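Chains as they are written, first to last, in the numbering used here: chain F, 1 to 205; chain G, 1 to 250.
It is worth saying that the hints were derived from the structure and are not from the lab. Since this is a predicted model, take the numbers as computed values, not measurements. Cβ atoms here follow ideal geometry from the backbone N, Cα and C, with glycine treated the same way. Any given hint could be a false lead.
To be verified - Here are some, though not all, of the chain G residues that point toward chain F, as calculated from beta-carbon distances under 7 Å:
hint: 1; residue: Asp14
hint: 2; residue: Asp17
hint: 3; residue: Gln84
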Amino acid sequence: MQFGYPENREAASAARVRALEALLIEKGVITGATVDKVLGYFETDMTPLNGAKIVARAWTDPEFAERLVKDTPAAVAELDLPIGMDGAEGEHLQAVANTRGVHNLVICTLCSCFPWPVLGLPPYWYKDPTFRARAAREPRVVLKEIGLDLDPSVELRVWDSSGHSRWFVVPQRPAGTDGMSEEELAALVTTESMIGIAEVPAPAA
Amino acid sequence: MKLQHHLGGLENLDTIDYEPRVFVEDWEQRIFGIHVAMMGLSDHLGDSGPRYPIDGVPTAFSSTWTWADLRKGAEAMHPFAYFQYRYYEKWLGGISGFFVSEGYISEEELEAKAAEYLQDPALPLPEGGDGRIDDQVIRYLREGDSPRQGPAESPAFDIGDRVTVKDVPPNDHTRLPGNLRGRTGTVERVCEGNYGYFCSTGPDGIGKPMPVYIVRFEPTDIWGELAEPGAVLYGEMYQAYLNPATEEQQ
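Please model the complete structure; the sequences and the hints are all you need to start from.
Okay, here's the thing in structure tokens:
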């Protein structure tokens with residue numbers, strides 16, 4: 001849909017947010033370093049690499065994979081990940097695992113709930129009202145539109161994040177990865193696969 | 001009734017705008033950072049899970065600011081504007097409006113300062129401030145703000161029970177997806193413990209600690225003939241939103 005916007009839309013927003021930050025610093029609400037420190041936390045500590053490491057462990061350790069689905073916070077705590085996996089937006093992590101016959105998709109129709117510590121911050125498409133509205137009713141059509149054509153025999157489970165749980169998907173291990181190390185496997189795992197809009201592609205031969 | 005409470009299943013929308021970036025303009029990062037700082041400095045944190053020593057943090061911020069406040073702002077928008085503006089544009093509007101309405105800043109000084117930065121975007125930000133403010137914000141990120149409050153009271157429903165979602169009165173804020181109102185599903189899991197919410201939603205019914213359930217819905221029970229075959233929909237439902245299914249809803 002086309003709406004009208006002012007010509008200096010982005011410049012005006014950029015100036016307004018900078019003015020707001022400046023005033024908040026001047027008035028002692030935050031410091032001159034607060035916003036940079038928050039952003040740094042998400043650049044260094046809370047990134048999708050954490051989720052990828054969790055998935056790679058689940059692929060190589062079936063008992064861990066079971067524990068991960070049963071008691072996600074406890075299983076995540078077993079791994080050597082940054083402090084704060086049960087911090088903001090990770091207080092109640094919940095993993096759901098794809099199998100040959102089941103594919104999971106995480107959505108949030110009311111806002112944009114997302115498991116920050118394991119996946120970092122949500123991509124724009126996830127927050128977009130069009131995706132949120134359509135994925136609830138026609139998830140297969142939506143997945144196909146963005147590149148995942150699920151076999152009709154696969155049950156598609158859609159998890160709407162309306163409460164405290166923060167869901168993430170353990171995708172299936174791709175073919176052609178026998179003998180790969182946990183580190184090599186983790187490098188294959190994408191954010192999209194852990195939200196459920198993609199599968200993990202097999203490594204390039 | 002608010003469109004924002006009934007997005008799930010809305011028809012006649014466009015193709016998905018597949019934008020994989022988290023931020024599409026540099027300025028969006030700054031409003032995200034301000035929002036996180038507000039959550040980490042919110043005065044309610046003294047009573048939340050980790051019992052943050054929030055009274056001792058030397059910030060001028062003395063308000064409650066949680067996800068509920070940000071969401072309420074988005075839910076208060078004109079429904080067309082909700083679609084018109086990008087995600088972080090809505091945040092900027094809601095958050096700057098909050099600081100003005102709470103009296104931390106005036107609209108006049110915000111506009112005057114914004115005009116300066118519009119004229120010269122390279123003008124630096126002020127520096128300095130008490131590092132204990134930043135320490136608290138990072139501590140909040142690491143330790144979070146769980147809504148779980150024990151001890152578990154006996155839940156009204158058990159795994160396998162058929163439940164019908166209430167059609168609670170429309171309100172300024174809800175955690176009940178509109179597409180599930182009045183629908184009947186099956187309890188798949190009873191979450192351990194009880195869960196509060198950041199605020200009371202009044203007649204909507206959540207706020208105080210209560211059991212929460214993962215409920216499985218069959219899409220045909222929600223969308224009828226429009227349902228896609230081979231899918232199931234799960235919602236996480238506060239007990240206040242549920243009734244036992246009547247005999248004919250079983």
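Query raised in the report: With 7 Å as the cut and Cβ atoms as the points, is aspartate 14 (chain G) at the interface with chain F?
Result: holds, 6 Å
**Report entry** Restraint check, 7 Å cut-off on beta carbons, for glutamine 84 (chain G) near chain F
**Finding:** holds, 4 Å
Query raised in the report: Does the nearest C-beta of chain F fall within a distance shorter than 7 Å of the C-beta of aspartate 17 (chain G)?
Result: holds, 6 Å
Going down the numbered hints, you'll see the structure goes against none, and every one checks out.
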